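Protein chains in written order, with this note's numbering: chain A, 567 to 683; chain B, 41 to 151.
Treat the hints with caution; some may be incorrect.
Claimed, not checked - Capping the alpha-carbon separation at 30 Å, the derived lysine-lysine pairs in DSSO-like fashion look like this:
hint, chain 1, residue 1, chain 2, residue 2
1, B, Lys107, B, Lys96
2, B, Lys42, A, Lys649
3, B, Lys42, B, Lys82
4, A, Lys623, B, Lys42
5, B, Lys82, A, Lys669
6, A, Lys669, B, Lys96
7, A, Lys644, B, Lys82
8, B, Lys42, A, Lys644
9, A, Lys608, B, Lys82
10, A, Lys608, A, Lys623
11, B, Lys42, A, Lys608
These aren't lab readings, by the way, just hints derived from the structure by calculation.
Only a predicted model underlies this, so the values are computations on that prediction, with no experimental measurement involved.
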Amino acid sequence: EPEVTQTPSHQVTQMGQEVILRCVPISNHLYFYWYRQILGQKVEFLVSFYNNEISEKSEIFDDQFSVERPDGSNFTLKIRSTKLEDSAMYFCASSEQGLAGIKDTQYFGPGTRLTVL
Amino acid sequence: QKEVEQNSGPLSVPEGAIASLNCTYSDRVSQSFFWYRQYSGKSPELIMSIYSNGDKEDGRFTAQLNKASQYVSLLIRDSQPSDSATYLCAVISGGYNKLIFGAGTRLAVHP
Chain A
567 EPEVTQTPSH QVTQMGQEVI LRCVPISNHL YFYWYRQILG QKVEFLVSFY NNEISEKSEI
627 FDDQFSVERP DGSNFTLKIR STKLEDSAMY FCASSEQGLA GIKDTQYFGP GTRLTVL
Chain B
41 QKEVEQNSGP LSVPEGAIAS LNCTYSDRVS QSFFWYRQYS GKSPELIMSI YSNGDKEDGR
101 FTAQLNKASQ YVSLLIRDSQ PSDSATYLCA VISGGYNKLI FGAGTRLAVH P
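Given only the sequences and the hints, what does the whole structure look like? Please build it.
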């Protein structure tokens, strides 16, 4: 069964460093997402991406964050200058269509645990 | 602010019993509703989606939706210890498919 994959599974970085989290969405999916979950808290939406553009972003997704689809398979989340509060699980998800009102399902990758020291 | 509310639990049920998980949402125009299961340290795993009022059954799981009451529920029949996890209710409210998650209900099924 097709699945979303993410690398690395765990990333440890020093505050102020840049990190890139990588995702390979399901191959025929057109919409891609990043969510994060701080330990013990809700899963929170960060950004959605379609046709090489950001479709929607949350207020969490400030100028320190960026997303990119550098080739036909990868989808990346970059945090330019990490802060302690960026420590969280970051989940990538993908869906086939991504349009509201159409029955569509987001499938999540296993996540990257980011630890900022 | 669009909200999804769940009782955090833990909900403790004996093996073989029915577990009933509830969720309310604030945005009346919400169109799509999902239940995900999350084991500790793992990613959300889709269990059920529901789009229309009424019941939807899939194996031991039944999702129920009442849009007038802005209420979604999940019933798990014949609960097993392997069902012990946090169950996340998620809602999409128009626009692009941004999932809004509740905080989750922790279910513990004891032998």
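Do the hints match the structure? See the list:
1. B:Lys107 x B:Lys96: It holds: about 14 Å lies between the C-alpha atoms, which stays within 30 Å.
2. B:Lys42 x A:Lys649: The given pair, whose Cα atoms are some 27 Å apart, holds under the 30 Å limit.
3. B:Lys42 x B:Lys82: Within the cut-off at roughly 25 Å; holds.
4. A:Lys623 x B:Lys42: Between Lys623 of chain A and Lys42 of chain B the Cα gap is close to 15 Å, so the pair holds against 30 Å.
5. B:Lys82 x A:Lys669: Holds, at roughly 25 Å.
6. A:Lys669 x B:Lys96: holds, 14 Å
7. A:Lys644 x B:Lys82: Distance ~22 Å between Lys644 of chain A and Lys82 of chain B Cα, so the pair holds.
8. B:Lys42 x A:Lys644: Distance ~27 Å between Lys42 of chain B and Lys644 of chain A Cα, so the pair holds.
9. A:Lys608 x B:Lys82: holds, 13 Å
10. A:Lys608 x A:Lys623: holds, 17 Å
11. B:Lys42 x A:Lys608: Between Lys42 of chain B and Lys608 of chain A the Cα gap is close to 14 Å, so the pair holds against 30 Å.
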